[in-house]
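Participant: So the chains spell out like this:
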Amino acid sequence: MILHPGIMALLLGSVIVALMLLYASAMGVKILLQWDFQSSSAGQLALERRTCLISTLISYAFGFVVLSGFLYVYTVDDIHQLFVGAMCAVGSLNANPIGWYVLWTKIGSFFLAAVWLALNYFDQRAEDFPLVKLKYIFLLLVVPVVFLDLYYESMYFLGLHPEIITSCCGSLFADSGSAVAGSLAGLPVKPMMGVFYLFLLLHSGAGILCLLTQATVFRYALSLLSLLFFFVAMAAIISYISLYIYELPTHHCPFDILQKEYHFIGYPLYTTLFLGVLYGLFPGLFQPLKRLASLREEVKRAERIWVALSMLALTVFALLSSWPVWFGNLTMQGYY
Amino acid sequence: MIRHLKILEHALSTIVRRKYKNFAVIVVYSFTIMVLASILFLSHSLKTEAANILSQAPDLIVQRTMAGRHELVPENYVEVIKGNRGVGKITPRYWGYYYDALTGSNYTILGVTGALPEMEMVEGALPSRSGECVVGEGVARARRIGVGDELILVNSQGLGQVFEVAGKFTAASDILTNDLIILGERDVIDFFGFPQGRATDITVEIRNPSEVQNIAGRIKRDLPDARPITKQEIIRTYDAVFNWRSGMMLTIFSAALVSFCILAWDKATGLSGEEKSEIGILKAIGWDTSDILELKFWEGLVISLTSFLLGLIAAFVHVFYFGATILAPVIKGWSVLFPSFKLIPFVNLYQVFVIGFLTVIPYIASTVIPSWKAAIADPESVMRS
Numbered sequence: 050m051i052l053h054p055g056i057m058a059l060l061l062g063s064v065i066v067a068l069m070l071l072y073a074s075a076m077g078v079k080i081l082l083q084w085d086f087q088s089s090s091a092g093q094l095a096l097e098r099r100t101c102l103i104s105t106l107i108s109y110a111f112g113f114v115v116l117s118g119f120l121y122v123y124t125v126d127d128i129h130q131l132f133v134g135a136m137c138a139v140g141s142l143n144a145n146p147i148g149w150y151v152l153w154t155k156i157g158s159f160f161l162a163a164v165w166l167a168l169n170y171f172d173q174r175a176e177d178f179p180l181v182k183l184k185y186i187f188l189l190l191v192v193p194v195v196f197l198d199l200y201y202e203s204m205y206f207l208g209l210h211p212e213i214i215t216s217c218c219g220s221l222f223a224d225s226g227s228a229v230a231g232s233l234a235g236l237p238v239k240p241m242m243g244v245f246y247l248f249l250l251l252h253s254g255a256g257i258l259c260l261l262t263q264a265t266v267f268r269y270a271l272s273l274l275s276l277l278f279f280f281v282a283m284a285a286i287i288s289y290i291s292l293y294i295y296e297l298p299t300h301h302c303p304f305d306i307l308q309k310e311y312h313f314i315g316y317p318l319y320t321t322l323f324l325g326v327l328y329g330l331f332p333g334l335f336q337p338l339k340r341l342a343s344l345r346e347e348v349k350r351a352e353r354i355w356v357a358l359s360m361l362a363l364t365v366f367a368l369l370s371s372w373p374v375w376f377g378n379l380t381m382q383g384y385y
Numbered sequence: 008m009i010r011h012l013k014i015l016e017h018a019l020s021t022i023v024r025r026k027y028k029n030f031a032v033i034v035v036y037s038f039t040i041m042v043l044a045s046i047l048f049l050s051h052s053l054k055t056e057a058a059n060i061l062s063q064a065p066d067l068i069v070q071r072t073m074a075g076r077h078e079l080v081p082e083n084y085v086e087v088i089k090g091n092r093g094v095g096k097i098t099p100r101y102w103g104y105y106y107d108a109l110t111g112s113n114y115t116i117l118g119v120t121g122a123l124p125e126m127e128m129v130e131g132a133l134p135s136r137s138g139e140c141v142v143g144e145g146v147a148r149a150r151r152i153g154v155g156d157e158l159i160l161v162n163s164q165g166l167g168q169v170f171e172v173a174g175k176f177t178a179a180s181d182i183l184t185n186d187l188i189i190l191g192e193r194d195v196i197d198f199f200g201f202p203q204g205r206a207t208d209i210t211v212e213i214r215n216p217s218e219v220q221n222i223a224g225r226i227k228r229d230l231p232d233a234r235p236i237t238k239q240e241i242i243r244t245y246d247a248v249f250n251w252r253s254g255m256m257l258t259i260f261s262a263a264l265v266s267f268c269i270l271a272w273d274k275a276t277g278l279s280g281e282e283k284s285e286i287g288i289l290k291a292i293g294w295d296t297s298d299i300l301e302l303k304f305w306e307g308l309v310i311s312l313t314s315f316l317l318g319l320i321a322a323f324v325h326v327f328y329f330g331a332t333i334l335a336p337v338i339k340g341w342s343v344l345f346p347s348f349k350l351i352p353f354v355n356l357y358q359v360f361v362i363g364f365l366t367v368i369p370y371i372a373s374t375v376i377p378s379w380k381a382a383i384a385d386p387e388s389v390m391r392s
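Line by line, the protein sequences are chains A and B.
Residue numbering for the first sequence follows the numbering used here, beginning at 50 and increasing consecutively.
Residue numbering for the second sequence follows the numbering used here, beginning at 8 and increasing consecutively.
Just chain A, with the same shape it has in the complex (with noise of 0.2 Å):
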């Protein structure tokens, strides 16, 4: 299954990301190892520049492993053609289940690159590169999971034979479906809609609290509840939002919404949910940026920026999921 033109650009980029950050690394590990900000010798300014080299490159490769995020998501949906029975992207994971562990290393690896990202941005802001040991201790952490997703990948697209008969997304996500999936399905619709529309109150309060006041408690609540509200809105996906997008009682497949057939809905979707996750995740994490004198006005000028960002993309999103549920043509009445 290797010659695919789709999976052939997946596995191009996914090693030449890989080779870059591991060329980061290499430098990074020099760094930790010979960093002496109050030294001015000649190896200690060729640090520094080095420092701004490896800041490029790992915004290039990050840049990169969220494109390549995308094209996998295509990509899987588009190859489920080959597989007796599938009928989605779940069909393709289905018929090798490696293609799973890709998908969480792929959200993994975009968190984990959004936050060096940040962190790296804070570096360069401030005179004295307060966090350089810090970023290149936590890009030796993310590495790994880079190599994991190449990893991964390849088992997958090696491991593909068409043909197989795998099972759809139809029984996977059935109310009677096993395991997490299918009890995601089950969840009733009215409650999953009560606990949806709660989350997403309570995440506005603690982002206007954030604004209007500088207590810590409110930006970790923010944090908290983006976290929680990540997987709620992942559960009224698959319990109810798509059953509005279908317009169909029974079908609560996440994956199909990224078809055609459905206006391409799922990127937009996936996509605001993603951004106002993470912007909500960022003012709790840096808070204990704030204790750095040089950072600490840097730090609270971005915050309201990502609180504001956050609200926004999760008001995209919750319009975008409810748009369906209050205008379209199915209802729900006679499930409730």
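A few of these clues could be false.
What the hints assert, rightly or not - Here are the simulated lysine-lysine pairs, DSS-like style, with alpha carbons at most 30 Å apart:
(1) B/K274 <-> A/K79
(2) B/K283 <-> A/K79
(3) B/K380 <-> A/K79
Hints listed in this document are in silico derivations from the structure and should not be mistaken for laboratory results.
With chain A's structure known, arrange chain B on it following the hints.
Facilitator: For chain B alone, coordinates are given in the frame of chain A:
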């Protein structure tokens, strides 16, 4: 924001100032993109074409195998298949291949009774009595015949048989009918000498598309020597074949991609003295290393996007206006009487994304380190040299 735009403006003026060097990169870059994009456009267009045509194919074709080879199907299989619920019209088909020694090409001979609904593209009429035939454009051209002329074919006994050409398929249906000769059903049976009660295969119409797989399974159970082929299977196979062929071509051309990356690396590394002193001056008047890197980023982006658009346009013209002259034989397949058909222009965002991934990312990756090397140059030593 304004700051970034100003840097972009400076990048543009730098590119224009060094037009010959950048022009060389853009030409090679666009050519690489054109080749890769042509492969993808062509294979995608063929996939779409195949899927369109196959959408009219029967839901299920039942063949028979014997000793692992294709065999004629007994007509009484029709009765067995009829026993399955959900089965619509069942038609035994009589057809075969005919090698024409005169022109060195193969024809497909198909027998029909009554009207063919999807074949409205006939000049003249369908065979209404024994001894009449309809020929495809390719056959007509190879044998230099038209409506009203005679077509002489040698039958299974080695005797020449004369058919009157009652009609000819128009060129619009070429991909389906180029090498086709249509005779009456009885004529085909006699011409090939089919044994009594045998057909080439059986087509089965199935009312509910989701039942196709089940019915195929049941037919296989009732008739162990039957080989049911579903329409989905055929479409899937075409898809896999075209993916495989384009992937193969991409792999071959990846050598070109690698050499292009080496060129890009080299161009980015080998800075002229003038460029070096320019960077030195920029730094001396207060530009930061990161500003220079941004300048290089914009330069790379402008060159990439320009080449990308040029490459895509060139590929589009090559594939859809010139019928992909260079690549067609490899990806399409070949035959003596190969239909000439117009490819349907079809480009989707996914292909563009894949091409971008295959070309722009390697380019950017291979220019990062050289641009950084240029950006860290020491202003004083550079200007002095």
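Participant: Look at each hint and say if it fits the structure.
Facilitator: Results for each hint:
1. B/K274 <-> A/K79: holds (29 Å)
2. B/K283 <-> A/K79: With a Cα-Cα distance of about 28 Å, the restraint between B/K283 and A/K79 holds, given a limit of 30 Å.
3. B/K380 <-> A/K79: This hinted pair holds, its Cα atoms lying about 18 Å apart.
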